[in-house]
Amino acid sequence: MPNEWQSVLDEIKNNVSEMAYEAYFARFNFVSNNDGILITSVPNVFIKAQIEGKYHSAIIDALNSSNYKYKEFIVIIDNNNNKPTVKRAVEISPDNTPISTFPKKVTTMASMLDKKRLSVDGNGLNPKFRLSNYVVGSNNDLAVSAAHAVIENPGMRYNPYFIYGGPGLGKTHLIQAIGNEILEHNPNMNVLYVTIEQFYHEFVEAMRKKLDGFADKYRKVDVLIIDDFQFIANKEKSQDEFFHTFNELQQHDKQIIVASDRLPAQIATIDERLASRLMMGVPIDIQMPDFETRCAILKSKAELLGADIDNKTVEFIAENVRNNIRDLEGKLNQILALAELRGVPPCELIDDSYITQSNIQTKRKTISVRQLIDKVAKYYNLSSKDLLGTSRVKNIKTARQIGMYLMKEELGLSTVEIGRELSKDHTTIMHGIKVIKNNLKTDFNLREQITDLRQKIYTS
Amino acid sequence: MEIEVLQDRLAKALNAVSRVAASTKAGLPILSNVLLRADDNQLTLTATNMEMATVQYVNAKAKKNGTITVPAKLLAEFVANLPKDNVLITTKDDKLTISAGKYKSTINGILADDFPELPTIDEKEAVIFKINVDIFKEAVNEVIIASSNDTTRPALTGVYFNTFEGSLYIAATDGYRLADKRFVETVKSEIKAIVPTNALQEVIRSISDNMDEIEVLINDSQIRFRMGEIEITSKLIDASFPDYRQLIPKNNSNIIELDKAELIRMTKVAALFARDNGGSIVCEAKKDEGTFSVSAVASELGENTAAMEANINEDGKVVLNSRYLLDALNAAVEGKITFALSGKLAPVVIKNVKSDDYTHIIMPLKS
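Chains as they are written, first to last, in our numbering: chain Y, 18 to 477; chain C, 668 to 1034.
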């Protein structure tokens, strides 16, 4: 191919002045010729204007006298066209225009005007959220397997599908993905995703303007996805309306999906009837991901961004950011951006003080055993002495066991070391940790408390 | 062609056009020429260096329409030296004759047919917005200083026009500092375009007092600025700009309010002593003393320190390049600025106290 292209260029050279050739054609390159669509590149729009204007017929003549078989001739702009590689996808129109009526149609590939921005259509779903790019770990496997059940049979099991968990743990991603997957399985289903804020505003608007469509819009859907449900607090009228919508949908076996950052019962001023209805399906919580899951999330995000990232960097970020996934992503983006800016591979930035010292708190907050005990004691309105003592009163005992659990999980102490701190035998510690681990599987309140405590340990 | 035009108007237009025309040494001779087009009551002057183009319209009386190209610099300098009066331009084949009073000269040109065509912009496909010239000038000057002239990193040699949360921002960085400014409060379309720094400089140079607004048209490969009788078009830089928002520290705890003029003075003085070590100066905030000081690291020349009183809630220290700090301060509006520290090696954030739409970041030097 390059030889043929050279002969086209030679032909052009014969027909234009040497200076003009140098000015306009020196970086006129061949890119590809597939299915009769000949793509060439030039460095900028000004040169493109010459190629498509004044010199157009000269090029066509040169092409026609060459071996190229083509139906369409396209000029793209590529800064780096000294090394002709097609990095980006080219949009090509499928019409097969014959050579004689040579089309002047030109497709540009620059991604400068991003018209395709996250298109959120009428259903509120963002197509980029899929289950396939949702990383499953021990923190969310229950939620994901229930999600699969919902996708397969919307409205049958887990209705309502209620998930809760702290900010930035992937609730929105999961419920959006459910919506997208349901639509893929059943394109005719009427899926609607709204935040409770939107619901509230639309409701207020409808009341104010005395519109009727409001109830219809929500009661006609097959799948209703509500995000940020906790913001329903103190909005009694909306609660009422939501309650009726909920009933209506549920009676007709329509799927309801709700995400909130806490359990319904913990939302201030929530109507009890509504709270209990939301608990009818199984409420499932999403926990903070563990180290391996965080690594997996980072890798999948990096892949999505098309960025090259090495394991060392991934582990560094996963080790240092534990609060939530959003921060994890933020840190990744930050490192990638800085790497791009400085023109170095990301791993070289790990020791870079800018990353480690920058404002997003990456460094695991070091907390002493004593501070941890204080925090746990304070959380349960006890004194540190209670925890360090020998009282067998139930709430003190549980708090002590939680303390043991956190020392192991968060400070990485061995059971012997913990035993020394609490003046207990290491088997007692092992037992205590086991009790908490077992209870965590079933006790929502305990999970909640541990999540809270972790936040307190790392943020305050 | 036969056209009559006022000397001062023509001189001004030619001056601007000759800045854009390519230098005579480089490549195609016609690119260092200006294209003149006489069209009834208008003379149009066009020049391009194949990276950008400028078109200037001048009111004139044409007796005979026509076109020609002549060396831009020669014509500009000749016209600039003519008396303030009517200038008559006539052409015959590829020769242009220009006469005013006692002066008369004939310049050898090239026929207009060889002049490159300018790219067109389909207004239906382009994003179009208008902006007040003063706001434009201020904003561009504030960010342009942070751009790079390292051509191996093309993305950084331009100013990044980008929409974020409904507003249009412009930003520039050279990898060591970064400036970001909210440019237009609300824009309807998504914009992501890197505009070459020299094109923006040309736009700023072309702004004159009688102009009110600049109309900006952007499509996927070019940007056009229309203001008064001038139109400047530039290619966009086809590269991807770093995701710079990630680099802006979001919640510095140590924010110090300082008087801009005073800080400039202190920095300039310290810079004198920092010449030996690449201009590195130490900025230090002391809580107990309530002072903010700028000092040069001791060198053969001696040492220097200057302090001003400030409200400080946390001790902090950072080593900066004095030139970067001065650039940032000079770009900020008069009055008070905030200087935000977040550790010895974290970037310093400088903002205006009055408004929140300008952010300048300087990476510290490792000391």
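Hint data in this document are derived by calculation from the structure and do not stem from the laboratory.
Some hints could be false.
Claimed, not checked - The calculated lysine-lysine pairs, modelled on DSBU-like cross-linking and capped at a C-alpha distance of 35 Å, are: (1) C:K731 to Y:K145; (2) C:K797 to Y:K473; (3) C:K855 to C:K1021; (4) Y:K425 to Y:K329; (5) Y:K71 to C:K731.
Stated by the list, open to error - With the C-beta cut set under 10 Å, the calculated list includes, among others, these residues of chain C facing chain Y: (6) N886; (7) T972; (8) M975.
If you're wondering where the values come from, they're calculated on a predicted model, not measured in any experiment.
Glycine included, every Cβ here is placed at the ideal spot set by N, Cα and C.
Status of each hint after checking the structure:
1. Between C:K731 and Y:K145 the alpha-carbon distance is near 62 Å, which puts this suggested pair outside the 35 Å criterion.
2. As the CA atoms of C:K797 and Y:K473 are separated by approximately 49 Å, the hinted pair breaks the 35 Å bound.
3. Distance check on the hinted pair: C:K855 and C:K1021 sit about 27 Å apart at the alpha-carbon level, within 35 Å; holds.
4. With a C-alpha separation of about 25 Å, the suggested pair Y:K425 and Y:K329 falls inside the 35 Å cut-off, and the hint holds.
5. Distance restraint check for Y:K71 and C:K731: the Cα-Cα separation of roughly 26 Å lies within the 35 Å cut-off, and the hinted pair is therefore satisfied.
6. Residue-level restraint check for C:N886 holds (minimum Cβ-Cβ distance to chain Y is 7 Å; threshold 10 Å).
7. The closest approach between the C-beta of C:T972 and any C-beta of chain Y is roughly 25 Å, which is over the 10 Å cut-off, so the hint fails.
8. Because the closest C-beta pair between C:M975 and chain Y is about 25 Å apart, greater than 10 Å, the hint is violated.
In the structure shown, a violation is registered for the earlier hints numbered 1, 2, 7, 8, in ascending order.
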